[in-house]
Amino acid sequence: FDLVQVIIVTLDREGRVTSINSKGCDLLGYRKEEIIGKDWFDSFIPKEKKEEIKSVFSKIISGDTRLVEYYENPVITKDGRRLIAWHNSAILDDTGSIIEVISAGEDITELKRLEAENEEKLRNLNILYNSLKELVTEEMNVYKRAHIIARICVETLGVDFAWVGYAEPYGRVRIISKYPPKHPYTE
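So for the sequence shown, our numbering puts the first residue at 1; every next one is plus one.
If you are wondering where the hints come from, they were derived from the structure by calculation, not from laboratory data.
Any given hint could turn out to be false.
Said to hold, decoys possible - Restricting the straight-line Cα-Cα distance to at most 30 Å, the calculated cross-link-like pairs of lysine-lysine (DSS-like) are:
1. Lys59 to Lys49
2. Lys78 to Lys38
3. Lys32 to Lys112
4. Lys54 to Lys38
5. Lys144 to Lys112
6. Lys112 to Lys49
7. Lys78 to Lys59
8. Lys112 to Lys54
When you get a sec, could you build the whole thing from the sequences and use the hints?
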């Protein structure tokens, strides 16, 4: 179990941890002897998810539902929470009854954070693109274009204030538009 870079944990029929690898101990922030024998759901699943996950586990153990092969859920660690993507399998006895569930989990916390961040950036770029299309398709003077650009920056990029200007030949910056028009920064 300790050669792989994923969490490997096995739970008995009652949901108690029967084994866990080093990666799992590292992620949770506890020594193996602090984890083995603990109720997984009471000790490592957040309260708001505990009943849902424990209910599914109970149905799997009793044979009322089939094993969920892939599942994402948060776990409680010594330092907070992490989001784990689980791949699950059952260990059966000679009669075909489940005696343990073995799960391999990968920490996807950072991946999900980056995905959300990228979705936000893509959403902002789409808004910006659609807003800027009018700047190149409509006939308007430079001052109206500058005003639209400044407004778009504030409304889509989350800044408090934007100005558009140009540098004159001797280094002086000439502001031709600002948004919002009244802002403490310019008063």
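Hint-by-hint comparison with the structure:
Note on Lys59 and Lys49: the hinted pairing holds, with a Cα-Cα distance of about 16 Å set against a maximum of 30 Å. Proposed proximity of Lys78 and Lys38 is supported: the alpha carbons are some 15 Å apart, at most 30 Å. Taking the CA atoms of Lys32 and Lys112, the gap is near 28 Å; set against the 30 Å cutoff, the hint holds. Note on Lys54 and Lys38: the hinted pairing holds, with a Cα-Cα distance of about 14 Å set against a maximum of 30 Å.
Between Lys144 and Lys112, the direct Cα distance comes to roughly 40 Å. Violation of the 30 Å bound is thereby established for this hinted pair. Distance check on the hinted pair: Lys112 and Lys49 sit about 18 Å apart at the alpha-carbon level, within 30 Å; holds. Simply put, Lys78 and Lys59 have alpha-carbon atoms about 29 Å apart, close enough for the 30 Å limit, and the pair holds. Our distance criterion of 30 Å between C-alpha atoms is met by Lys112 and Lys54, whose separation comes to about 24 Å.
Hint check: a violation occurs at hint 5 only; the rest are consistent with the structure.
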